[in-house]
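*Asks:* Protein chains in written order, with the UniProt record's numbering: chain L, 1 to 420; chain Z, 1 to 123.
Quick caveat, the hints were computed from the structure, so don't treat them as lab data. As the structure is a computational prediction, the values presented were derived from the model and not from experiment. You may find that some hints are simply not true.
So the derived label-pair ranges between C-beta atoms look like this [said to hold, decoys possible]:
id, chain 1, residue 1, chain 2, residue 2, range
1, L, D183, Z, T114, 22 to 32 Å
2, L, I388, Z, Q103, 36 to 46 Å
3, Z, A23, L, G365, 42 to 52 Å
4, L, T329, Z, V57, 57 to 67 Å
5, Z, A14, L, R131, 37 to 47 Å
6, Z, E97, L, K170, 47 to 57 Å
7, Z, A115, L, K170, 19 to 29 Å
8, L, E196, Z, A53, 18 to 28 Å
9, Z, G119, L, T163, 49 to 59 Å
10, L, E196, Z, S51, 52 to 62 Å
Where is the CB? At the ideal position from N, CA and C, for every residue including glycine.
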Amino acid sequence: MVGLTGGGNHPARPAALAAGRAARESRGRLLALLSAAAGDLTAAEDALADAFEQALRTWPARGIPDNPDGWLLTVARNRLRDRWKSAAARRTVALDPERDSPAYDQQWDFDLIPDRRLELMLVCAHPAIDRTMHTPLMLDTVLGFTAAQIAVAFAMPTATMATRLVRAKKRIKAAGIPFRLPDRDDLPGRMAAVLEAVYGAYVIDWATTGPQPRTLPGEAGYLAEILTTLVPGDPEAHGLAALVQFSSARAAARTGAGGRFVPLTEQDTTRWDPDLIGRAHDHLRAAHACGRLGRFQLEAGIQAVHCARARTGTTDWPSLLDLHRLLQTIAPSLGGGVALAAVTAEVDGAAAGLARLDELLAGAGAAGGRFQPARVLRAHLLERLGRIGEAAGAYDSAVDLTHDPRERSHLRERRAALRN
Amino acid sequence: MRYALLMHYAEPAAGELSEEVVAEARRAFDVYAKALDQAGVLRLADVLRSSDATTTVTRRDGGLRVQDGPFAETREALAGVFLIDVPDLDAAIGWAEKCPGTQWGFVEIRPVATAFLDGRWSA
């Protein structure tokens, strides 16, 4: 994700990344537990910040405790209790290391500390919270990113993002949004919102523009992985994890020589990441074992068929057509409709694909006219049908709607090649 | 937590609703209030007369001003209040969903900041 994982200009540092994630992971778990106890994210964050500050002051002299997370949790809990006891004193009374430090013989087993991150994610994606804040709240609370980092990813001023995060957290407390699993009847709908928010972290890779590199999948894949450990029996969580992993497995191949944009069907499959593809297949198998089909599993299935080209050397278009048809049936969308038209063109010919696309656009109104993938596909199909004059115009309107500089130059090249 | 469920809806013109419709709405509110009561969460239930019966009083601009009608003319008017005491917002949403007023209007769920109970304002 842009701005969150350090950008693509730096070589990957797996050890540093893993260490950073471990620290953030334990912070997320501690915050989830503390805020569930307090019903107040802001107070829990303050208490945890106090605990970290105290750790920085006392650990260098006393040594790192055997169980750092347990130590932090105990100190933070004491801070929360102090706040409850005396709201007025909390700004004036200094920390007392003797009182606030847990005894060293008090051992915590981190694995025994309950994991309340699902409750935290459900709060972040609660229907009473503005939808546009679901994903930023998750990145902030579950993964511990700062408002500045999240603001970059969403192409928004830091102050704006910070204000919105603060407002959302205050609202959680003021409105009394509970940190607990919803009733069985409500759970499917609430889980759908959690999945949407994680998916939101995945799609900002595509929504961001400008010169910054897009370090897909960044944290969406990580968030999806966490979710599958929290709800291992939810097939859609596995489907979403698989979807993000299949897509991120191809990240390197998306850029060719000189930073050129390379479309999926022209990508060099030896540059795809076989480990990630393997993990994605594991998730798809786990999803399949649950026996309930859903939108994210279908999208992952589509990605799996594309990734199979690395093994077979060809793309199984008829299977893709079936999957896209099914996806449009259970979760119709403009993007899904355009993809279905593209696959139809591969199976039944460019004329059939164009007919389907134009039918879709006729029903989509103004939104269809502004939808960049639809414009791009229309240009490609007109070119294939030899309708060069119309294709040139279609490429021009596609270029106008394309924000990514690499894809824009790719489309300009295709437009220029029409004349030859 | 105490929550006010504030019902807002467009007020019907005189004679717009048939007696049947009004009777049905009364029955629905009766069932709803009894359900809240039996669950032990109901603190207050008031359905208001239409806003043409409203009088508004203010001293904001200095002298006392008494005015006929609501302080702001809106298409949807405050039509009733249910005050409930439930553990959290999810529970409040659960009760608001079942409020008959949702069928023809909106129910706003507002947490209570402080309440005068047992002779003093609660913290």
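*Asks:* Please go over all the hints and tell whether each is borne out by the structure.
*Replies:* Hints and how they fare:
Under the hint 22 to 32 Å, the C-beta atoms of L/D183 and Z/T114, about 29 Å apart, fit the expected range. For the pair L/I388 and Z/Q103, the beta carbons lie near 58 Å from each other, so the given range of 36 to 46 Å is not met. The beta-carbon spacing between Z/A23 and L/G365, approximately 43 Å, falls within the hinted interval of 42 to 52 Å. About 59 Å separates the C-beta atoms of L/T329 and Z/V57, a value consistent with the hinted range of 57 to 67 Å.
The hint said 37 to 47 Å for the Cβ distance between Z/A14 and L/R131, and at roughly 41 Å that hint holds. Our hint of 47 to 57 Å for Z/E97 and L/K170 is violated, since their Cβ atoms are close to 25 Å apart. Restraint check, Z/A115 to L/K170: a C-beta distance of roughly 21 Å satisfies the suggested window 19 to 29 Å. Taking the beta carbon of each, L/E196 and Z/A53 are about 45 Å apart, not inside 18 to 28 Å as hinted.
Between Z/G119 and L/T163 the C-beta distance comes to about 40 Å, which lies outside the given range of 49 to 59 Å. As the Cβ distance of L/E196 to Z/S51 is approximately 40 Å, the hint placing it in 52 to 62 Å is violated.
Against the hints set out earlier in the document, violations occur for numbers 2, 6, 8, 9, 10.
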